[in-house]
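Asker: Keeping the supplied structure of chain A fixed, place chain B upon it in accordance with the hints.
Chains A and B, in that order, are what the protein sequence lines are. Going by my numbering, the first residue of the first sequence is number 1, and it counts up by one from there. Going by my numbering, the first residue of the second sequence is number 1001, and it counts up by one from there.
Note that these hints are calculated values from the structure, not bench results. Keep in mind that this is a model prediction, so the values were computed, not measured.
Pairs of lysine-lysine residues, derived as BS3-like cross-links and limited to a Cα-Cα distance of at most 25 Å, are as follows:
no., chain 1, residue 1, chain 2, residue 2
1, A, Lys109, B, Lys1131
2, B, Lys1231, B, Lys1038
3, B, Lys1131, B, Lys1204
4, B, Lys1234, B, Lys1038
5, B, Lys1090, A, Lys109
6, B, Lys1234, B, Lys1090
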Amino acid sequence: MSEIVSHPPRAVSLQRINAMVLRYWYLLISSWPRLLELIYWPALQIVTWGFLQNYISQASGFFAKAGGTLIGAVILWDILFRGQLGFSISFLEEMWARNLGNLMMSPLKPIEFLLSLMIMSLIRLAIGVIPMTLLALFFFGFNFYAIGLPLIAFFCNLIFTSWSVGVFASGLVLRNGLGAESIVWTLMFAVMPLACIYYPVEVLPAWLQYVAWTLPPTYVFEGMRSLLIDQVFRADLMVWALVINAILFAASFAVFLALLQSAKRNGSLLGGGE
Amino acid sequence: MQQRETGQGQAPAANQAPAVDQGGSAAIEVAHLVKVYKTTRAVDDISFRIARGSITGLLGGNGAGKTTTIAMIMGLVLPTSGSVSVLGAKIPEQRYDVLGRMNFESPYVDMPMRLTVRQNLTIFGRLYAVKHLRERIDQLAADLDLTEFLDRSNGKLSAGQKTRVALAKALINEPDLLLLDEPTASLDPDTADWVRQHLETYRKTHNATILLASHNMLEVERLCDRVIIMKRGKIEDDDSPEGIMARYNRDTLEEVFLDVARGRVREDTP
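Okay, chain B solo, but in the shape it has when bound:
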């Protein structure tokens, strides 16, 4: 079993949630989660708890099991065994009790291209039963610099603008839990930095929990209180970014990632 109950790295920065949930009411609880696709073990007996108000990064190479793990947390993929609990609700049995308090963004889905940004946000706002929707859309558009594109169809936006629209959709219901799969993939550094800044602000102002899967080590270093490194469906390491870098005796998460990906020995391995 690979569940961690306490952090081993440095203390989290001020205003940040503890790196690892200390056993209170967790936003996400995953226990002995397994997903087998025919003969492939995509996720292999992983367990973790994510504290409310924290930002956790799921790191790992292609096929490490990050997307499958997030999809099981969302209830879009059924686990082969194990359990998932989100905001106190069992997934998938009670997912409709909490779906209104969650949202997500993923490169595997798009917003309808022919609809304008405003139309898309209106529809998702109604699906999430957002009150004062017009004001909420205007506020999001201002926050995410989308005001001038509100009446443009989604298909006519640049990749960066589309990502911001997807983020606006993910924030439309002011979720307590935000699941992000590669939120800044294919963005230029300026836009990516801008999106990260917005996520940080959102977490602080709403005490939201964010779980993000990413290949971008700088992003994870900057945003996350905690990092879960996955490899071949298993959790390879789980700590604060600083703790992990210290243990591997590396200066950056990118170097740690390469160590893990290439099977190099960890500093604390006997």
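Chain A extracted, bound-state conformation:
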């Protein structure tokens, strides 16, 4: 005879988070195209940008000096973008499978659901980005891990931003159905020009620089350039990024809960279609 393990109803359950991670893991390993897709684009990106870096470093004294800024930027951008996609695609899998109603009717709480999506984004990111860094090392001699401890600060800030965007985009899909799916794929690109991935913030018009500094990734990419070009780690930039990330994350979680409530008022949780 089976029994139900009793959890205090308000507690976050690691068992339920594990169950959801297992669900996405089963899905991932059941489909080689899903696995290939995780590796394919990052590999293509690094090869393309790596050769470009090689070419312009031969032609430009600045890039010869600032070796690796392009490749480093590509890898960090991929952490940001793939982190969000890893989160959002796992969420979309529930919409595509029409499984959201089952989950919402189970004891799984929204915070547990979101935590499992974050863990999955890390797993998917590792599958995509680790081969990418190895390619950068073997083909272009750029050792991403030689960045050392600052890399942890860069990574944490980028992954927090990616989760905030992922939580917000997932909320929009939850409320509006799969008709809003394109937001998941494109939202991060709105950040791209303002986050100053491949160029310094000073390149932007003065008024736009204020906007750029409201985005945590701007601090990370500036910090990366400072480290690779001037060999100076700007801890102040990382702290600012962390503060803005905390605000952004809290706001995105609040918006997600509001959109979930709105979906319940609207009756869209059982449908999930267009």
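Answerer: Just chain B now, with coordinates in the frame of chain A:
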């Protein structure tokens, strides 16, 4: 108001719960429930109590408000006004206190197609914190004739097999309250009969409460102690199947359904 406190039909059969909750601790209590979607009044001031251990059928045509009512009971749709209480917990405020004791099956949701039956049941078993999960899955698979499909992906099953898997998921936590929306839709008569038989057995062995929405009148006649007929968001009638058929002077619920759907006058209407 349309709340019924006592049954008007025949006495319920032996081993069955009373057709209508007599005022004790009800499994479900719905009071003045209203749901308005923009300009559509999907559910319009309905009230009822469902006794523990009973099987109640929600009958009605398309758009009668059955699915919206069940979704509000589950807390997946927020009411515009009114209140819902399930197993003593206020919905939606206290739903996490009782979700582990409920489960549901609906044609509006699917089990993930790429995962095998065993993987799906394992995940839902863990979500419901079922102990001795492996044994529970094996037992359900044996009960629902799924043993040979346990390691097949859900997407490769027939409609009947998928319905049985969905039922296995709905029973994984041995719920006290089972909410079923069209549990035998799109099944062949043999499989549908088989599912009904299983639900009857489950109710008897677990003293579970079952609320099911259905278009299948034979199913409701056979399974339910009580029938709530809905039309345009309101409760049109509420009694045991026998009581309703007697009042409409009809031999089958299907004939009653057509009377209600087409607005024919009831026998006891002055």
